[in-house]
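If you're matching them up, the sequences are chains D, U and W in order.
For what it's worth, my numbering labels the leading residue of the first sequence as 7, then goes sequentially.
For what it's worth, my numbering labels the leading residue of the second sequence as 7, then goes sequentially.
For what it's worth, my numbering labels the leading residue of the third sequence as 7, then goes sequentially.
It cannot be assumed that every hint is accurate.
Just so you know, same-sequence chains aren't split out, so a pair can sit in one copy or run between any two.
Derived DSS-like pairs: lysine-lysine, alpha-carbon spacing no greater than 25 Å straight-line [what the hints assert, rightly or not]:
{"no.": "1", "residue 1": "Lys170", "residue 2": "Lys78"}
{"no.": "2", "residue 1": "Lys209", "residue 2": "Lys170"}
{"no.": "3", "residue 1": "Lys304", "residue 2": "Lys209"}
{"no.": "4", "residue 1": "Lys78", "residue 2": "Lys304"}
Worth flagging that the hints you see were computed from the coordinates, not collected in a lab.
Computed from a predicted structure; not experimentally measured.
What follows is the residue order along each chain.
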Amino acid sequence: MWIRNAWYVAAWTHEIESGRIHARTIIDQPLVMFRTATGIVALEDRCPHRFAPLSLGRLEGDALRCMYHGLKFAPDGTCIEIPGQKLIPQSACVRRFPLQVVGSWVWVWMGEADNADAATIPPSLALDDPAWRLQAGQLDYDAHYLLIDDNLLDLSHLSFAHEKTLGMDMPQWADLRPRMAPLERGLRFERWHTGHRPRGFMKKLGEEVDVWTTYDFLFPGVFLQRTCFHPAGTADRSGRGSPQGEPLFYRIDEQAVTPISGRASRYFYAAGARANDIDPDRLERLFAVTTTAFHEDKRLIEEQQVILERIPLEQRSIFTPADQAPTRARQMVAAMLNA
Amino acid sequence: MWIRNAWYVAAWTHEIESGRIHARTIIDQPLVMFRTATGIVALEDRCPHRFAPLSLGRLEGDALRCMYHGLKFAPDGTCIEIPGQKLIPQSACVRRFPLQVVGSWVWVWMGEADNADAATIPPSLALDDPAWRLQAGQLDYDAHYLLIDDNLLDLSHLSFAHEKTLGMDMPQWADLRPRMAPLERGLRFERWHTGHRPRGFMKKLGEEVDVWTTYDFLFPGVFLQRTCFHPAGTADRSGRGSPQGEPLFYRIDEQAVTPISGRASRYFYAAGARANDIDPDRLERLFAVTTTAFHEDKRLIEEQQVILERIPLEQRSIFTPADQAPTRARQMVAAMLNA
Amino acid sequence: MWIRNAWYVAAWTHEIESGRIHARTIIDQPLVMFRTATGIVALEDRCPHRFAPLSLGRLEGDALRCMYHGLKFAPDGTCIEIPGQKLIPQSACVRRFPLQVVGSWVWVWMGEADNADAATIPPSLALDDPAWRLQAGQLDYDAHYLLIDDNLLDLSHLSFAHEKTLGMDMPQWADLRPRMAPLERGLRFERWHTGHRPRGFMKKLGEEVDVWTTYDFLFPGVFLQRTCFHPAGTADRSGRGSPQGEPLFYRIDEQAVTPISGRASRYFYAAGARANDIDPDRLERLFAVTTTAFHEDKRLIEEQQVILERIPLEQRSIFTPADQAPTRARQMVAAMLNA
């Protein structure tokens with residue numbers, strides 16, 4: 007049911023405060039997270055003794071003590087103290103999950119520790135990267151994560167679900183299919199939209215611009231998008247491939263969907279642009295529109311979840327060209343689950 | 007589990023406002039309802055593409071557009087537009103449910119469209135019928151609809167559950183069994199109660215009156231009752247059959263129970279009297295007492311539901327003569343479910 | 007799943023007020039309780055006719071009338087009236103549960119009435135016993151009762167779960183195992199703790215005291231504890247057995263866990279000391295600390311319940327000496343369930 011051999015975004019780095027204990031659940035597995043002198047740690051959130059939650063425990067230096075009967079664990083999950091007992095059985099340990107920080111995301115590997123390869127973590131920006139101006143948020147969904155993936159894999163919904171938000175500021179997707187190419191753990195999308203007429207503070211870019219949009223979708227639910235506004239004519243000048251020349255405006259959107267359970271997911275997102283392209287006030291407004299749009303998705307997708315709980319997805323009766331990506335993605339998920 | 011080949015009350019006509027989209031669920035089937043130039047329409051509330059709810063869509067004239075990826079549907083359920091695509095597959099349609107307005111109720115046929123016969127819809131009054139003065143309400147139950155049917159099929163509970171409301175204003179039912187006759191899709195009940203002493207504003211009818219009560223109970227849960235107060239002696243003069251002569255006071259109660267799911271039901275009700283028999287103030291009071299009484303039922307029946315979820319109804323250990331109607335009704339329901 | 011042949015605490019006697027009807031659920035069985043001229047009665051809370059709850063009924067002297075269709079029941083559960091019917095079938099009765107008052111607890115026998123033996127009810131104090139000053143409370147848990155039993159059977163948790171409440175006022179348990187002896191329906195625990203340094207108002211007892219703690223744990227979840235503070239040296243003088251001589255301070259804790267359902271339990275508790283040992287103000291403070299400590303347990307145990315609903319207890323991987331009592335207790339429960 008879950009893809010285990012995968013890295014999942016567990017939190018923004020700034021969420022995991024020093025000296026505090028954090029409970030998170032990923033693919034139905036409760037985790038306890040905290041900072042030690044050498045970094046962030048993620049352990050199974052249950053004492054092996056009586057299954058009390060370690061997240062109600064106490065940090066003692068880099069160790070974590072269960073505050074039910076007092077068992078104490080090192081950051082690698084081995085038990086280092088059992089009150090009233092000298093011998094500590096080998097089995098008295100909690101599972102440690104491999105953890106990596108990349109950019110501003112804390113990634114946890116939910117499968118066999120031996121298979122964890124940090125090199126497969128997708129690159130994402132740090133929120134404090136001086137070249138960019140970014141704002142970060144998160145949203146909890148009462149829905150299965152694949153429904154959110156579907157949403158990210160078919161942006162034709164922008165014209166309808168977001169007709170008054172992202173659909174106004176971003177080029178029409180419903181009429182023009184993007185190019186799609188397979189990646190090792192996902193799909194890449196690319197598209198030129200010519201003749202776009204910028205609105206609001208973007209008007210200064212010119213009456214018409216060519217827009218290059220590309221995003222990588224990576225399993226289980228990472229979405230890394232770049233949107234570049236170029237002078238009219240760039241699309242043709244670049245032979246409809248990767249744009250040549252510097253963009254006038256360079257927007258970035260980075261998102262990650264993390265399954266909590268079969269009907270709950272957490273959605274992490276950051277949006278912004280090159281530091282030179284946007285000032286803090288305009289970033290604020292751009293981010294507010296983005297957040298409003300994500301609430302539009304949330305409302306639709308949570309209702310979709312309710313309907314799907316009555317009727318299984320397999321009964322879906324029609325298929326549009328826009329479904330190519332979500333359908334390919336489901337096949338890839340099925341293949342990973344079989345592996 | 008559900009009787010499908012049946013008409014169900016989906017709403018009061020005044021609930022379905024022009025230009026608005028209404029979501030309703032009947033026997034576990036989500037419906038979307040709206041008004042077109044030619045009348046009210048009920049469609050399946052899920053887009054055949056990705057199962058988003060059409061009730062979060064947009065009315066465009068008489069058509070309804072799904073606001074996820076933009077598919078557009080005619081009022082008969084056929085798809086008339088798929089953004090970014092010219093060919094529309096035959097399968098891209100949503101189910102339309104036959105719909106009829108009779109009196110002030112909107113009826114929806116939940117079975118095969120070909121079997122829908124408007125002639126089998128029970129007659130009920132329009133709330134604006136000038137001959138009557140009626141008031142309408144509705145109530146949501148956390149209970150299976152058959153428990154509410156049971157309640158309507160055995161009015162002996164009036165003397166207890168409603169001892170301070172309907173039980174005071176309506177004649178005793180616990181002591182005198184009604185005559186019962188089968189109808190094509192239900193049961194008819196008739197009864198004379200002689201020597202009734204009217205209370206309150208009814209006192210003007212005389213110190214003692216004969217009361218004729220008759221109601222039709224029709225599956226799945228329609229209750230159409232007439233209560234006629236006649237001069238003392240009318241019962242005998244009419245040979246204990248249908249009353250001869252005009253009643254002094256003619257009360258009417260019309261109710262419909264609509265299953266939403268296995269543990270939720272909606273109860274529509276109207277109460278009133280001939281326009282000449284009652285003024286608006288007194289109708290207000292009569293209706294307030296009726297509403298209070300229905301909340302008395304609701305409290306009992308919702309607790310009954312909780313108990314029945316622990317212990318199945320089949321274990322019921324005793325049977326009273328008053329149970330004849332509910333028991334016969336259950337047999338009729340079983341026969342309909344088999345058919 | 008439930009131990010049926012057992013006495014369960016249903017309420018404090020003062021909860022069951024004259025002239026009122028009380029609904030309680032024990033081991034998934036809804037009960038209706040009320041006072042008659044001769045004492046408290048517990049009946050099954052469902053009318054045998056249509057399964058309406060009798061707790062929504064009406065007391066008529068010592069009898070209880072169902073206020074749905076009016077059936078009336080004597081305090082022994084036999085039906086004494088069916089409206090509109092002369093003959094009352096033998097089957098028209100509700101089950102009566104044997105009931106006893108001992109001290110201030112109302113005990114109900116949930117098994118076969120013939121097996122109910124009042125002599126097996128554990129002795130507990132009445133709250134108004136002049137020799138003692140006691141205060142009583144109760145707490146509802148969203149947890150299986152055996153998790154609360156586990157808590158009472160291994161007091162080593164006092165040093166951790168209650169490090170700032172009971173763990174400060176009561177001697178350390180984590181380091182010293184109590185003696186344990188089997189009882190007919192439970193286990194007895196005894197322990198001397200020497201060199202204890204009293205805190206707060208207990209300081210007056212001396213700089214150091216010997217503390218004798220003993221408690222009986224009796225199924226399904228009764229906990230009767232005495233804590234006696236003696237002059238230093240008493241433990242050795244008594245050969246580490248039952249203390250010789252009068253205690254300086256004699257604390258008492260009486261608790262009972264009653265399962266409501268598989269994930270709900272009610273916890274009744276009283277705490278106090280000999281009347282001469284404590285004044286009302288200090289009792290108030292002692293009781294407040296006790297209540298705070300029980301909320302500490304509740305928070306841990308309810309989280310434990312959530313974790314156990316994901317992973318069965320059988321997977322518990324480690325065993326400490328402190329687990330001897332809870333483990334023995336589970337075996338005894340299993341034996342009782344087999345019997």
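Check your understanding: Failing hints, ascending?
Key -> Violated: hint 3 alone.
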